[in-house]
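Position chain X relative to chain S; hints supplied.
Going down the list, the protein sequences come from chains S and X.
Going by our numbering, the residue at position 21 of the first sequence is 26; the numbering climbs one at a time, nothing skipped.
Going by our numbering, the residue at position 57 of the second sequence is 64; the numbering climbs one at a time, nothing skipped.
FYI, nobody ran anything at the bench for these hints, they're computed from the structure.
Among the hints, a few may not be true.
[Unchecked claim] Restricting the straight-line Cα-Cα distance to at most 35 Å, the calculated cross-link-like pairs of lysine-lysine (DSBU-like) are:
{"hint": "1", "chain 1": "X", "residue 1": "157", "chain 2": "X", "residue 2": "123"}
{"hint": "2", "chain 1": "S", "residue 1": "27", "chain 2": "X", "residue 2": "23"}
{"hint": "3", "chain 1": "X", "residue 1": "84", "chain 2": "S", "residue 2": "107"}
{"hint": "4", "chain 1": "X", "residue 1": "17", "chain 2": "S", "residue 2": "9"}
{"hint": "5", "chain 1": "S", "residue 1": "9", "chain 2": "S", "residue 2": "27"}
{"hint": "6", "chain 1": "X", "residue 1": "23", "chain 2": "S", "residue 2": "107"}
{"hint": "7", "chain 1": "X", "residue 1": "23", "chain 2": "S", "residue 2": "9"}
{"hint": "8", "chain 1": "S", "residue 1": "27", "chain 2": "X", "residue 2": "17"}
[To be verified] So the derived label-pair ranges between C-beta atoms look like this:
{"hint": "9", "chain 1": "S", "residue 1": "57", "chain 2": "X", "residue 2": "29", "range": "19 to 27 Å"}
{"hint": "10", "chain 1": "X", "residue 1": "58", "chain 2": "S", "residue 2": "67", "range": "38 to 46 Å"}
{"hint": "11", "chain 1": "X", "residue 1": "135", "chain 2": "S", "residue 2": "49", "range": "38 to 46 Å"}
{"hint": "12", "chain 1": "S", "residue 1": "138", "chain 2": "X", "residue 2": "23", "range": "49 to 57 Å"}
{"hint": "13", "chain 1": "X", "residue 1": "29", "chain 2": "S", "residue 2": "51", "range": "14 to 22 Å"}
{"hint": "14", "chain 1": "S", "residue 1": "99", "chain 2": "X", "residue 2": "35", "range": "29 to 37 Å"}
Built from N, CA and C at the ideal position, the CB exists for glycine as well.
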Amino acid sequence: MSSKTEELLQAGYRYALALRCKEQDAQDLVHEAWIRLNSQLIPLVNRPRLVRTIRNLYIDRYRREQILVVESLDEAQIPVIEDTAVFDHSFAADDLDACLAKLRPPEREALFLNSVEGYTAAEIARITGRPRGTVLSLVHRARLKMKGMLMDYDSPGSRVSQLAEANTHEK
Amino acid sequence: MKNDLDTLLKHHYEGKRLSDRQLQDIDDAAGMTQWLFQPMMACVFVALMTVSLLMPAFGLWPPGASDADTLSADIIKNHLAGKPVDFQAKDFDALTSHLTNADLPLRRPDLLNIDKAIKGARLCSLAGQPALQIYFSEEHQERTSLFIAKAQGALENIPFSGGNFDATVVLTWAENGHFYALAKDRL
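Just chain S, same shape as in the assembly (with noise of 0.2 Å):
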């Protein structure tokens, strides 16, 4: 498999990720979406392709999902903080995926196309067909939330913390 293939793959995995933030579900995707592309008369993969395929068969397989959208009742007792804080710590990649499955999947995506892929709100209106408004509210809240969950899990004392204490300890 050449380097370019694997690139491609990895990155569809990881918007898949993003997308369903399971990683069963998520390797099923990619490769539901790697075959799908490759099966068409004229095979054209790229990552935009890509990237379209998986959102997709995200939407068709999980519309029950999209349609019946339940805000978490917690989710009013999520922390929010200030934009510019910076964590003391290297978080536990556990930790991190728990605080991003309690966003809701379009702020995920939203998050993740523009903090990690580093996609314009523009860019990620165009490939969510969402309005360029909307996708700026989704990462704006996404961030609020992550940090404040973060946050939390940085002082001392709060329960998540101890919850991620006790898991190292299990560890």
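Same frame as chain S, but now just chain X:
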């Protein structure tokens, strides 16, 4: 160590990778699909192209109307449309002159003797050829149109024929290098 959120997330997602085994599985599955679908799709494509090319040779396709039907439909459409005239009767001399310059000299058909007065004329299209539609004065709300065109292309070698189409009678013929058609309301 201080991290902002972007750096934290970048590091986090960089750690999320498919294993070599998973990558290989995906690539293998795609490869199998390619081998399965590519020749199959190519065969289907070639078969469809062959069939579509051969069908007209066997007279199976296209199942469209004949040239005569298309011509009659054009004549009836123009006759029933009753569009306004481009040339009034008083301008007929000028029109005749223009048409002669345009290599379509206006000539009264020998086979037809119409005693009605000409109301006017308009340019139209019959079977893709330019034609002149002449309106005659109505009697008892019975409209009559005479079409004149150069006998060329689809309008060449048209035999004398006539037919009734719903509320219209159509006669077509060719004489002296001209194509003529007469359309008249059926009462």
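key: Hints breached by this structure   = Going through the list in order, the structure violates hints 3 and 12 and respects the others.
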